[in-house]
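Going line by line, the protein sequences match chains C, A and R. Take the first sequence: its letters are residues 1 to 516, numbered as in the numbering used here. Take the second sequence: its letters are residues 1001 to 1325, numbered as in the numbering used here. Take the third sequence: its letters are residues 2001 to 2278, numbered as in the numbering used here.
Hints listed in this document are in silico derivations from the structure and should not be mistaken for laboratory results. Remember, it's a predicted structure, so these values are computed and weren't measured experimentally. Honestly, I wouldn't trust all of these hints.
As the list claims (entries may be wrong) - Reference listing, derived: stretches of chain A covered by chain C, where coverage requires no fewer than 3 residues with Cβ under 8 Å from a Cβ of chain C:
| hint | region |
| --- | --- |
| 1 | 1048-1058 |
| 2 | 1088-1101 |
| 3 | 1170-1182 |
| 4 | 1273-1281 |
Virtual Cβ for every residue (Gly too), placed ideally from N, Cα, C.
Here is how the chains run, residue by residue.
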Amino acid sequence: MNFLKTTTFLIAAGLATPLLAQDAGGRIDIVVQPEPPSLMLGLVQNGPTQLVAGDIYESLLRYNTDLEPQPSLAKSWEISEDGLTYTFHLQDGVKWHDGEPFTSADVVFSADVFLRETHARMRSSLAYVDSIEAPDDQTVVFKLKTPFGPFIGVFEAGTMPMIPKHIYEGTDYANNPMNATPIGTGPFKFESWEKGSYIHLVKNEDYYLEGKPHLDEVYYRVIPDAASRAVAFETGEVDVLPGGSVENWDVQRLTELDNTCSTGKGWEFFAPHAFMWLNNREGPTADVRFRQAVMYAMDREFVKDVVWNGFGKVATGPVSSKTNFYSDDVTQYDYNPEKAKELLAEMGYDGTPVSILPLPYGETWQRWAEAVRQNLQEVGITVDIDSADVAGWNEKTSQWDYDMAFTYLYQYGDPALGVSRNYVESQIEKGSPWNNVEGYRNPEMDAKWAAAAVSPSPDERTKIYSEIQKEIVDDVPVAWLLEIEFPTIYNCNVQDLVTTGIGVSDGLRDAWIKQE
Amino acid sequence: MSLITTILGRLVKAAITLLAIAVLNFFLIHAAPGDPAAVLAGEAGAADPLFIAQLRERFGLDQPLYVQLWSYVKNVLTLDLGYSFRQGMPVYDLIAQRLPATLLLTLSSFVISLSLGIAFGVAAAARVGKASDSVLTTIALLFYATPLYWAALMAVLVFSVQLGWLPGFGYETVGSGYSGLARAWDILQHLILPALTLGLFFMAVYMRMTRASMLEVSQMDFVKTARAKGLSGPVIRRRHILRNALLPVVTLAGLQAGQLIGGAVLTETVFAWPGIGRLMFESLEARDYNTILGVFLVSAAMVIVFNILTDIVYRIVDPRIGAKS
Amino acid sequence: MTLWKRFATNRGAVIGLIILLCVIAIALLAPVIYPGGPWKMVQRPFLVPFTNGDLPLGTDTLGRDVAAGLVHGARVSLLVGLVSTVMALLIGVPLGALAGFYGGYVDEGAMRFTEFFQTIPNFALAIVLVAILEPTLGSITLAIAIVSWPPVARLVRAEVMSLKRREFVEAAHLAGLSNTRILVSEVLPNAISPIIVMASLMVATAILLESSLSFLGLGDPNIMSWGYMIGAARTVIRSAWWLSFMPGVAILLTVLALNLIGEGLNDAFNPHLKKGRT
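All chains, full assembly: derive it from the sequences and hints.
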């Protein structure tokens, strides 16, 4: 998949296909779990927020399941031959939900002013940006300092949401009272939020794509208990269970119900990649042989089949096979307890206890930690499970106070956006749980990660990333576990629910309900 | 008159207790690992130390602990519960949104448990030693020994999923557009399962207490005197035994109010009941300091109100007071 | 009639005692019956009970032996129940005794303190304590003890207050015994029977509390307990109801047994109340 063509991308704006069999109208109920802290996508970007706010806010582009850019607020775009200039042409007649027109000034404000201040992940991509300008109301030009291949992947609603300039300019963003009633350009408008119960969105009648959205209203339902969420789907109270909202053991049973569909698609952009941070600084995990022994000791296929109910794929290294630049030319760590014992004997492991910190996201992760503990005990490692809630987990990982800690990170479509942050030395920064928490240092690799990010040639990038993967997999800085697949379960009457690589979070712009 | 002075006195004591609770909880919650900024940053999926520092500054967490405590206490004294940084709204509004649901749930459970408990207790005591007494006592014991959350799960399975009689969770039908009586009926249907599961546990407690108390009082001299005077069984039971026997039950009920509200955390979780019990649990996990402190204060205040209520009931029931008026 | 004979005439109490003794025996013998521990993944997951002779109660979500879990879980439930009750007694008895015996400011202070703890919803306080200390067997036990001592203090205070006016206490005063001596050797021994009755009920409540905390995900992850088993199985309650049913029954039986014993003891200690009974 080659985004960096020097030719012009011009995708027809006439996406508003006439209504064929698509029935307009209706309401759908979707589970959102946990309840989002806020719907202001420019300030908060966690999963639940983006799930709901992805209907309210939009960005310039969206991405299909092959991660190719598609028009959203930009109807077309060009990238200059040297890879330094990105020019976007905006859709005509776009209005904010309060009726104000959406223009290129909003884009400049959002990217250059608002998000630079509030959005940590966007800020690191903006470091490559030299200037953002609006030559006219319908055009925006991003000029980069150096070529940055992954840049075409940042125009997604959770990464670069469009924020209304007329509401936020010159205000204290975090305390702006309008945060409670978010205004976007998306297919649905915020209507009401009954805390602890539901969030109600209604159709944006002035949406710029004619005939869309099809649905009249959407209710995001807050149901705190996983078993109750399953019951809600069974009794028909909710129509859609987004990925991860019921425990894996329930997935099979639910998908066998009448008129129930499921899909694993819609996670390609995020490509959640699960692994355990192994503390490279101290204790047994500082020894590469111990880390390799951990890889051989774990029966990851068993976990995939039993804990994840067969969903997902055992990870072979740092890059997800769902994204670009994946290479399988690496050492394969098959389940091999004998080999693990040999490695432990070779390093002279003396039974020093190590602890596992599970991810406090429900039963699945708890069982996973228990299965790993059992695997490690069987090869002679002394191990117990540490426990912590979300806050405690954050504290321990970001203060490096752990031996082995479960986590999963999004890949955001490109190793330079979602993968390298976890392995380069410049990302060793105490106090954040989303960087090189394991403390892996390898200057030679750092140079390669940097070169791959700014190389203008995709072939060159592929080559460097393959080298990186081959080498790093032998070092085992972290114990890669699984490319997670979160199946979305839904009532089969709901059509076109997942149409992009961002899935349900990408808005219900295209969804409709088949009338019986 | 004496009632009013007692209540006033209790209110003053209550205010002091509440303030002490605020301070204790302040230290407890700040002793927990992590802070709201770390949680928010953690959920964002990406954060740099700058982002976290900004959040801490915004929340005032960069101040020394005693400064934070002082400003919190000042707020509480002016009946201001502070601002929830996580939810982006004043804690007072947040709790006001959730409190009616919890009040409805706990009050109806309280009424159910107390009235059924007393009724069954009286019935069992009147049939003491008979088979029906054993049946009632055993049922009560079973309710008492069953884990609350487990009973709740089973109730949902049977009455909601299998039989489809009652909604299994939630406070009302979302987006139904009901109003007035239709809405009340809708909420009532949603209320039945959670209120019953929470209430039946406590019903068992009160029933056993009533039964024991009835038996104890019926052995007392004044009852024997009444019998000797030739009064009929039911009259004795109602006028003499029941009134006296209820005193310890009502006292116990007041003391149990705290447990009832605590039990609401479990009930609200299983039934997705949008009350403050769940708000407490969620804000604890999010280290949303002001919200959790606020919920603790409000639920402690609820306990005090329940206590005062039972005090009033006590005075109504107490035959000595009744004789005076 | 001796205490034991009076207790033995109560059929329910005897049944309760038998159940409890069985649970204790199982708990003590757990390492002998299942030396491999409860965590071993022994078979395919979700094995239905009574289909495999070696695994009579089937397997759980990870293929662990449910029977082994129940047997080892008995140890934890009983341990948490007993230890937290002892701790609660250690706080509540001295506090209540001092308050009741000395009265005045001591009483006022102690009762304010007790009321304070009764004003905080106790389950909520337990949740906060466990979350702060992080869930381990020790922190769970401590949290349960902290929320369950106030009723003990109240009970002991009431008992001591009524006992201290009795003749034998006055006699002890006249004999020149010190206050401490009188409290410890004269008053408290006479208050012991209601304390024992209450303690037996507190063990039951503590077992329920532990399982509720586990249900909310606040259990010790290294220890197999009944509450943990229900919490872990509740997500599969529709496809494998027996996984949460069996530990639920185990809790129910144990709590029931403790309550029956408590009632039996109460009747045995207070024979005058038993008249109405068969």
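Now the hints, each set against the structure:
Given as covered by chain C, the region 1048-1058 of chain A passes the check, having 6 residues with a CB less than 8 Å from a CB of that chain where 3 are the minimum. Evaluation of the coverage hint for the region 1088-1101 of chain A: fulfilled, as 6 residues show C-beta separations to chain C shorter than 8 Å, against a requirement of three. Counting residues of the region 1170-1182 of chain A whose CB lies closer than 8 Å to any CB of chain C gives 4, so the stated coverage by that chain holds, three being the minimum. Only residues whose C-beta sits within less than 8 Å of a C-beta in chain C count toward coverage, and the region 1273-1281 of chain A has 4 of them, enough to reach three; the restraint holds.
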